[in-house]
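Participant: Listed below are the residues making up each chain.
2 protein chains.
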Amino acid sequence: MRHVICGKCVKCGAEYEAVPTLTTCACGGVLDIQYDYARIRERVSPASLAACRDYSMWRYKAFLPVEDPPAPTPLRVGWSPLYRADRLAGELGLRRLYIKDDGQNPTASLKDRASALAVVKAREAGAKAIACSSTGNAASSLAGSAAAAGLRAYIFVPSRAPRGKIAQLRIFGAEVVSVEGSYEETFALSRDAIAHWGWYNRNAAVNPYLSEGKKTVALELMEQLNWQTPDYVALSVGDGCTIAGVWKGFRDLYAAGFISCLPRLISVQAEGCCPLNRALQTGEAWSPMPENTLADSIAVGVPRNPDKAMAAVRESRGLAVNVADEEILEAMRLLGRTQGVFGEPAGAAGTAGVQKALKLGLLDPEATVVSIVTGNGLKDAANGIRAAGEPMTCPPNMDALLSLFSGSFS
Amino acid sequence: MRHVICGKCVKCGAEYEAVPTLTTCACGGVLDIQYDYARIRERVSPASLAACRDYSMWRYKAFLPVEDPPAPTPLRVGWSPLYRADRLAGELGLRRLYIKDDGQNPTASLKDRASALAVVKAREAGAKAIACSSTGNAASSLAGSAAAAGLRAYIFVPSRAPRGKIAQLRIFGAEVVSVEGSYEETFALSRDAIAHWGWYNRNAAVNPYLSEGKKTVALELMEQLNWQTPDYVALSVGDGCTIAGVWKGFRDLYAAGFISCLPRLISVQAEGCCPLNRALQTGEAWSPMPENTLADSIAVGVPRNPDKAMAAVRESRGLAVNVADEEILEAMRLLGRTQGVFGEPAGAAGTAGVQKALKLGLLDPEATVVSIVTGNGLKDAANGIRAAGEPMTCPPNMDALLSLFSGSFS
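These protein sequence lines are chains Z and L, in that order. Here this note's numbering is used: the first residue of the first sequence is 1, the next is one more, and so on. Here this note's numbering is used: the first residue of the second sequence is 1001, the next is one more, and so on.
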């Protein structure tokens, strides 16, 4: 990994050798992987990518903290579709909108990008077992990637996690502990258990490699846009690791000379749980909040990566937008009806934030925006039906159907 | 479409011009699209495909009954991953096994391939609305593709359809009629409604273009195998359209000179609903059966495409294997635990059939087999949890966890 310099603390600046088992700084700060961009440029260019036939996140291995070639990863992660969403843009009153549907990953969320990298690093570390706590998607992605790689997985989720995510965890053969408490309590229990049993740690923010996996969503969407930077990139925020990873991806591309300007980020949180956005809006330090939203993936009262996340939004001169649960359900319907994309609540929240920012006059309607759908609505069918309603029921005969449809159309 | 000759009845041989609104023969027989393979060979070759950057089903447009270039389709369908499943093969006692995970399509099933083609043909026909009946996956795929294309969709599903599929249908904005009856009754009601309102018909077997979309899964897996034909291809069978489409794909490749031999098909049905396999096994004509299996997608008591499906299995010198619901649940666990692939019950049934065929001595353990996972387990979380069980629950403290895990590991 000659292109990797070190892991550097975002709080105190201390530097650590980038060993596979890297966690946090002695001061408690989160580490950020530092690169030698001259070496990256020697290995990759827009032209070399145009000729690359590996349509997965590993096409960007020159930007990733892995040995070259990386240990093969069994699931095909990344290169999710970027859709130009003209019909949705029209309904929102926005000039140009793209939807990056990251629910099209193997376990149906963006978190597969982080878990794939974590499994590579766990193998480099010689680990036999890997563990994390999660609101659900990091958990199911880790369980899937670990199963495919033949690693044991120990997973801690709050008992509120939706059924689709629970089904994934169990089918992938993970040891799953459903914790009768909040995500905060779930995280604390996993931390103690990892310390006790010595599993490889895939916890958000603790393991600095995860953001590096997540950043591939930014590299991808820029390649899909032919390296033309959009004005804004919108996504939902829980722990803060994903938005930090997205920003890292853009900064990497800028530092390596692939793009000539940076986008502004739109950080979207739920009104009922927005500790980071509240801090961004007030300028005060962040403080915990209750986890009061139906968007389970971003119901994070004590975010684990506040420093990187808030720095990302500030450096990008970004927006912080909070959305009500009803606005999230509305965005789920809009994405589905106009684009055929089904996002889970947190997955559609980014689009809800775009709509809200337009309504509030924070976002120029002439802007070009990319909204990242971070997870698939199939993970949470109950909220899908809550958003869109139950179907009509009908006995199996034409008279009943005619009566049901009477007046609907001629 | 100079490469398309006609639609030819599989029963009486009558030929019809391949107009977009083609349905069944006047004799009631299902039509099969006939090609001029010399013209296909002029347009595509293994070498031209190797240079093609369109990683979707439309890379095979030279093999498809569409205008060149086809109307653009908004969702990215096809090019699902083919995984070499060494760990699963080891557990089954099979020399080589590949898993084609078609649950990685936009609405999470193989049916997206048929719906994408149906939407293209509906546009060619100038239709504003498109309709189908379905056990669930054809329905949700049509709803998604129609939404993305700006077409209205009218969908008829039996009320037993699992919640994930219902959620998709409603989110995609389709008019959904949940029919209080069997799939047979649902199909009949949709047929009458389509006749009454004149919607474009995407019903299985009635519309001969659907199988042509489905055949792309065979074209893809052969390209992914570098045109080396496996010994067997296993998949689950309901209406019979998918296995007919898969066989058509292989025959097309053989006729066009891309492959030098054909695989044998393994037709897998549920013990509680196996009208086609029963006919194949007994040599008698098929007759209806009750729809008695948890694999909702293949709970088809009156299959709509029996002639094409049974001809496919017979022509390929294939196997007909029935599996119990318990064997399907076991295959779901196996796919998840060993490969990180989560199939819905009908999606895992193909793999259950491979396991069963090995147990019965019908399948040579030295064979190379491809098993197609036709739909994602997230569509049916309830059966995922039924297969793999509920997670452990634990209060949020380490003492409780130590007690829960006591004896599990040192």
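It is worth saying that the hints were derived from the structure and are not from the lab. Take these hints with a grain of salt, some might be off.
Derived Cβ-Cβ restraints for the label pairs, each shown as a range [to be verified]:
hint, chain 1, residue 1, chain 2, residue 2, range
1, L, A1285, Z, T393, 50 to 58 Å
2, Z, C52, L, M1001, 52 to 60 Å
3, L, G1198, Z, D399, 29 to 37 Å
4, L, E1315, Z, D399, 40 to 48 Å
5, L, V1019, Z, D399, 38 to 46 Å
6, Z, L404, L, V1019, 29 to 37 Å
7, L, R1317, Z, R53, 53 to 61 Å
8, L, R1317, Z, D399, 47 to 55 Å
9, Z, T21, L, N1397, 23 to 31 Å
10, Z, S159, L, C1006, 38 to 46 Å
From the three backbone atoms N, C-alpha and C, an ideal C-beta is built for every residue, glycine too.
Participant: Any hints this thing doesn't respect? Which numbers, in order?
Facilitator: Of the numbered hints given earlier, those the structure breaks are 1, 2, 3, 5, 7 and 10, listed in rising order.
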